[in-house]
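Place chain B on chain A using the hints.
Heads up: the protein sequence lines correspond to chains A and B, in order. For reference, each letter of the first sequence is one residue, going 1 to 370 in my numbering. For reference, each letter of the second sequence is one residue, going 1001 to 1127 in my numbering.
None of these hints come from the bench; they were simulated from the model. Just so it is clear, the structure is predicted and the values come from calculations on it, not from any experiment. Some hints could be false.
[To be verified] Calculated lysine to any residue pairs in the SDA-like style (CA-CA distance at most 20 Å, straight line):
#1 K1019(B) to K209(A)
#2 K1025(B) to D63(A)
#3 K102(A) to N1108(B)
#4 K1024(B) to V1113(B)
#5 K1019(B) to K125(A)
#6 K43(A) to K125(A)
#7 K98(A) to N1108(B)
#8 K1003(B) to K1046(B)
#9 K51(A) to N1013(B)
#10 K1105(B) to E96(A)
#11 K1105(B) to N87(A)
#12 K1105(B) to I90(A)
#13 K1105(B) to R1021(B)
#14 K1025(B) to I55(A)
#15 K1024(B) to L53(A)
#16 K102(A) to K1105(B)
#17 K1019(B) to Y57(A)
#18 K46(A) to N1013(B)
#19 K51(A) to S1012(B)
#20 K98(A) to Q1104(B)
#21 K98(A) to D1110(B)
#22 K100(A) to N1013(B)
#23 K292(A) to Q354(A)
#24 K1069(B) to M1055(B)
#25 K209(A) to R233(A)
[What the hints assert, rightly or not] Derived DEER-like restraints, expressed as beta-carbon distance ranges:
#26 K209(A) to A1093(B): 35 to 43 Å
#27 H145(A) to G1026(B): 49 to 57 Å
#28 A1093(B) to N194(A): 23 to 31 Å
#29 G363(A) to A1093(B): 16 to 24 Å
#30 K347(A) to P1124(B): 53 to 61 Å
#31 E273(A) to Q1104(B): 19 to 27 Å
#32 P1124(B) to G62(A): 41 to 49 Å
#33 H145(A) to N1044(B): 56 to 64 Å
#34 P1124(B) to L203(A): 46 to 54 Å
#35 G1026(B) to K209(A): 52 to 60 Å
#36 D311(A) to E1117(B): 55 to 63 Å
#37 S1012(B) to R119(A): 49 to 57 Å
#38 D1033(B) to H145(A): 39 to 47 Å
Virtual Cβ for every residue (Gly too), placed ideally from N, Cα, C.
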Amino acid sequence: MNPDVDSVAIYVIQIVLFALISLFLILMILVLFRRVMLKKWAKKLKDAEEKILPILYEFLDGDITKEEFSRNLKNRFEVIAAFKNTNVMIDNFDGEQKVKLKNLLNLSQFNNYFKNGLRSGSTIKIAQACMYYEKKDQTEDSVIHRLKSLQFHHYPVIKYGATLALINTDDQNIRDEALKKFVMTGDIASMAVNDVIYKYCNLHNNRTKAANTLFRYVSDKSTPITNAEFIVRMIPVLGFYQLADDLVTFFKFPYPNDINGLLTSALIDALSEISDVRLLDLVHETKTWRSKHTVVRLSTAKWIQKFYSPDLDPILLMLANDPDLDVRINAQMALLHSHDIASLHKKIDGKYQQEWIEIKDTGGSYVDTD
Amino acid sequence: MSKRILLIDDDSNVANYVKFRLQKKGYDLHHIDNGLDGVEAIKNLKPDLVILDMMMPGIDGREVAEIVKEKNLMALSRIIVLSGKEESEEVKALFDLGIHDYLQKPINIDNLVIRIERALTSLPDKE
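Pulled out of the complex, with its shape left as it was, chain A reads as follows (with noise of 0.2 Å):
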């Protein structure tokens, strides 16, 4: 063994270690660090909170003017503070609070805070700003250029926020813009498609062109399938019956990649509950109580529920016998409309006679179908 050669190793080695302890360290520190500036923006923010909201308050009551209101917010905290509890308020109450909460946003260290919000890198910041913005009365045009190129952020928060800022502004051309942007994309939650579709019909003027929009999309096969889903849906919600002739249409040809059986689920239950008749021919036409589908056989036996008819019998006894619980509970609720009951009784299969037999006894009554 060469002696020169263990002293460079252990020398090598203890450099090595001496590194990673320090990295260790700074690591610790900065950790530690992180800790203490949480806690002290966490405490600062709480302090923000606790003086503005009485503030707030004597605003809402006439007791100070906006004005006065403005003077007090000296920080970012208090900016902060300021806005988180106007949001929520805006969203609670009604009437002269309501108006004076809306108008407040559009103090100049609100404007400010999110103008820059949307323009740093935080992710906070960026979807505290689309908050803001889509709180606004009206988006400004200063911001559009950004909250556009938000339409493609990684994050479906900020994504979903851009969105609805977009769709607050009002340019016609910008919303339907945002709008297809977003309905276009994948990966996106319920609740979000339906807050956007929402909010751009409730803003469009035209409600009959706001209606053929959305239907476009659900007979575009390039709109991920889901989102489909999640606009058919929302059709009777927005109370569109007069697309009740394309959903029927679309129901003998929808895309040919409604794998999951979930978009022909949804134009049940949308049929449904605009009550079109037309959905008797369409589910004999299509046999859905016969899908493999489960959610296809659950929309039928709850659309029968709802519309019970003697001549539906055979099906729902087909669907009274299904593989799946859930379909059977709400065909066999279905044939408590049913005036023979004692013959039906019989040619449920035997191993689902326990709970037929509850059904039966019950009405159903501990059963949520929902």
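Frame of chain A; chain B shown alone:
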């Protein structure tokens, strides 16, 4: 003596402002943020009026109203319900439970104050 009002609502944002507004009006206002403690507070405080939110985790407003009716806790008091729902069946069921008034959320605070004053003037005399 100022009238005692109990507000049972888990939403602190709503509760704080309602509290601020009603205390300013001179009412003796108490706030509880859940149904279970709300029932206890009704027993102990014997309020002249209860403002009851429907949507609460655990025991919700409807269950509180049921317990109040079953135990006859508010024979000489009034309940005003706050709810986000507007289904007529639900509202009818609440009136069957003996509530005095019903207000839909989002709340119009001026309207709430008027309803409170109306409910309190209709109170039977306590002996």
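K51(A) and N1013(B): Cα distance at most 20 Å? It holds: about 15 Å lies between the C-alpha atoms, which stays within 20 Å.
Is the gap between the beta carbons of H145(A) and N1044(B) within 56 to 64 Å? Given range 56 to 64 Å: holds, Cβ gap about 60 Å.
Given the hinted pair K100(A) and N1013(B), is their Cα-Cα distance within 20 Å? 16 Å, holds
Sort out whether N1108(B) lies within 20 Å of K98(A), counting only the CA atoms. It holds: about 9 Å lies between the C-alpha atoms, which stays within 20 Å.
Going straight from one Cα to the other, do K98(A) and Q1104(B) come out at no more than 20 Å? Holds, at about 15 Å.
Holds or violated: K1025(B) and I55(A), Cα atoms, limit 20 Å. The given pair, whose Cα atoms are some 17 Å apart, holds under the 20 Å limit.
I want to verify a distance hint. Is the separation of the beta carbons of H145(A) and G1026(B) within 49 to 57 Å? 53 Å, holds
Mind checking the alpha carbons of K1025(B) and D63(A) for me, to see if they're no more than 20 Å apart? 14 Å, holds
Holds or violated: K43(A) to K125(A), with C-alpha atoms at most 20 Å apart: 19 Å, holds
Check the following: the C-beta atoms of P1124(B) and L203(A) are separated by a distance inside 46 to 54 Å. Given a distance of about 50 Å, which is inside 46 to 54 Å, the answer is holds.
Just to be careful, I want the Cα atoms of K102(A) and K1105(B) compared with a cutoff of 20 Å; is the pair within it? 17 Å, holds
Tell me if the beta carbons of G363(A) and A1093(B) are separated by a distance inside 16 to 24 Å. 18 Å, holds
Figure legend: structure checked against the earlier numbered hints; hints not met, in rising order: 1, 5, 23, 32, 37.
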